[in-house]
Amino acid sequence: MSDRIQAITMPKWGMTMTEGKLAGWLAGEGADIAAGQEIMEVETEKITNVVESQAPGRLRKIVVSEGATAPVGALLAVLAAEDVSDSDVEAFIASYADRAGSAAADADDAPKARIVQAGAHRFKVLSLGSGGVPAVLIHGFGGDGGTWLFNQDTLAQNRLVHVIDLPAHGDSEPTVPSGKVADIAGAVLELFAALDIEKAHLIGHSLGGAVALAIAQASPQRVQSLSLIAPAGIGSEISALYIDGFLAAERRKPMKEVLSLLFADPQGMNAEMVENVLRFKRLDGVPEALAAIVSHLMADGKQVIDLRAVLDGKIPALVIWGEADQIIPANQSDGLPAGIDVARLAGAGHMPMMEEAAQVNRLVTAHLGKAEG
Amino acid sequence: MAQKSFRQALNEALHHEMRRDPNVIVLGEDVAGGSGASGQKDAWGGAFGVTKGLLGAFGPARVRDTPITESAFVGAAAGAAMTGLRPVAEIMFVDFLGVCFDQIFNQAAKFRYMFGGKAVTPLVIRATYGAGTRSASQHSQALYPIFTHVPGLKVVIPSSPYDAKGLLIQAIRDNDPVIFLENKVLYDTVGEVPDGAYTVPFGEAHIVREGGDATIVALGRMVHFAREAAEILAAEGIDCTVLDPRTTSPLDEDTLLEMAEETGRVVIVDEANPRCGMAADISSIIAEKAFGALKAPIMKVTAPHTPVPYAPNLEAAYIPDAKRIADAVRKAVAFKRS
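Protein sequence lines, in the order shown, are assigned to chains X and R.
Positions 886 to 1258 (the numbering used here) are the ones given, in order, by the first sequence.
Positions 43 to 380 (the numbering used here) are the ones given, in order, by the second sequence.
Please keep in mind that the hints were generated in silico from the structure rather than gathered at the bench.
What you are looking at is a predicted structure, and each value in this text was computed from that prediction instead of being measured.
Heads up, none of these hints are tricks.
Stretch by stretch, here's where chain R covers chain X in the computed footprint (C-beta under 8 Å, at least three residues):
# : region
1 : 1132 to 1143
2 : 1168 to 1175
Here are the simulated DSSO-like cross-link-like pairs (lysine-lysine), alpha carbons at most 30 Å apart as the crow flies:
# : chain 1 : residue 1 : chain 2 : residue 2
3 : R       : Lys342    : X       : Lys1138
4 : X       : Lys1141   : R       : Lys337
5 : R       : Lys365    : X       : Lys931
Derived, one-sided and incomplete: chain X residues facing chain R with beta-carbon distance under 10 Å:
#  : residue
6  : Glu930
7  : Gly952
8  : Asp1056
9  : Glu1058
10 : Ala1156
11 : Glu1157
12 : Glu1160
13 : Leu1163
14 : Arg1164
15 : Phe1165
For every residue, glycine included, the Cβ atom is placed at its ideal position computed from N, Cα and C.
Let the hints inform the model, and build the full structure from the sequences given.
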């Protein structure tokens, strides 16, 4: 098929997504679309987000109208150059319809998360893609692999990408009783051995950023590059309102208030997101494990782990921060040594990889490419 | 996460708590099975198979078959709870609790109050409820409003395998008597359930689905019909919130009122009979405390004021369904003040 015609398809956000609802078109038929332009809004049971066009072109035909639901991978619209004939566009759509049946079959073949035994630890790992230097995505405090819903697929287009649940998070067991970042980093290094990872790109968010830094400190030879998103461990300020509130919240309303601090625009949150965090916190052993982590992370409302010196320019590093971050302020990215790339995103709070997913994906993809030289 | 049945979720909850706390015991008719006969032990696991495997894991001292005398073993369980044990008594059908009203209403529910807070009663009474299995009028009632009425009792009605496990663990760890009601049609329904132990707190409603046009409040099996109705209505452009209170006592009034205020239209689905039922109770709370937000009368979809019929066609007509719920929502949405 000519690359003068591009398919806009239903994205797949996370392993459980099988279909999505086209909540709104942000451009009409006939509009000229730039690469990276927001083109539509997609809603799933779990989350709503805008989708950006990967390629430039004229929006020639909308196949799925607003309000309709379509399976993952289904053709939603067609982009094509001006001089592509209508009949070629129609033929493209027809050829897609022929492939529609195979998308359903793919759903069963979708990669499944597995539990990987690594020494004393049992990690949940979801691996996508193949080849290249592998990347390991490490979520933040109280989160899980679902953090990378909008990122793993894209990053896995040209390499193997492992999304892990840290011990005592998601579906990984609480095997690091101390809660120390260095011990969590040690556990992740044991996972490297179990997954046969010589060297990896580490992409860490918040606490996961501190874990990535601690791995780089302990075993720099195992780290190809660092991508740190609103990382802990490089400054002192952190929102005690958030951390203490997260530990204390046992019900929907207080938890919703706490979680809304994560986002520049909390409208994107839904009840299911709050419910899932509560479900995690209600597991036996989790509150104790979270409290242990916090006891080593903070004292008197300030961060006590200082890994800033790890960012000395020897390991290629990218730091991404949302300007509207209410958990760890973006100005902690000021004054880093030359050679550390810093990107501050205006529209994002503490969760840029969700709030500005396409930008983060572009930045990280470029960084990984550069770091492999 | 693993997919498990409602029955398996309850069984896991019992295993977790019996392992965690040696004071937890299980008693009831055939909860072990084979007692007093030459038959195989642990043959049954209760009339609905929920306690299967407990006898082998925890032995006959903690998994006790009882005679067919609900009044005796519910009374024994209430007394045992006061001594420090945490009994889980299984009653085949909630309909049979009628013979234990004194033990439940006058004894278990009152101990904490009559002994000045010095006695606690960590008792769980599990029973099935609900129509739809051709079990006729003495084995099909939804009697939760009766227990909800009595102060000192907590009343739990799970709708999903996830909630069933977390609410049962919470019930066993709770220091008050809990009436835990399982809709027998739900035992083979399947959903995501974590392998580990976890709790679901009492008095917190679950927002099953969010939509701005109307709130459908439903309990137990009715939650599934409410979801079905919401799907039908979504295709018509009517977006519904589905709210599952999960426990009728305590009742999450805050979330009920919040959703009533957000949507302005409320439809309450109740498998119980209409007089003095949960639909009547919840609608009175909303009418009293959120009247100003209402855009339409509160609609109730309930069983009729009759015993559950045995004839299959009549029994089907007796139970609220998605069509009746969707009709009630459409009526609320179409309502105009004259």
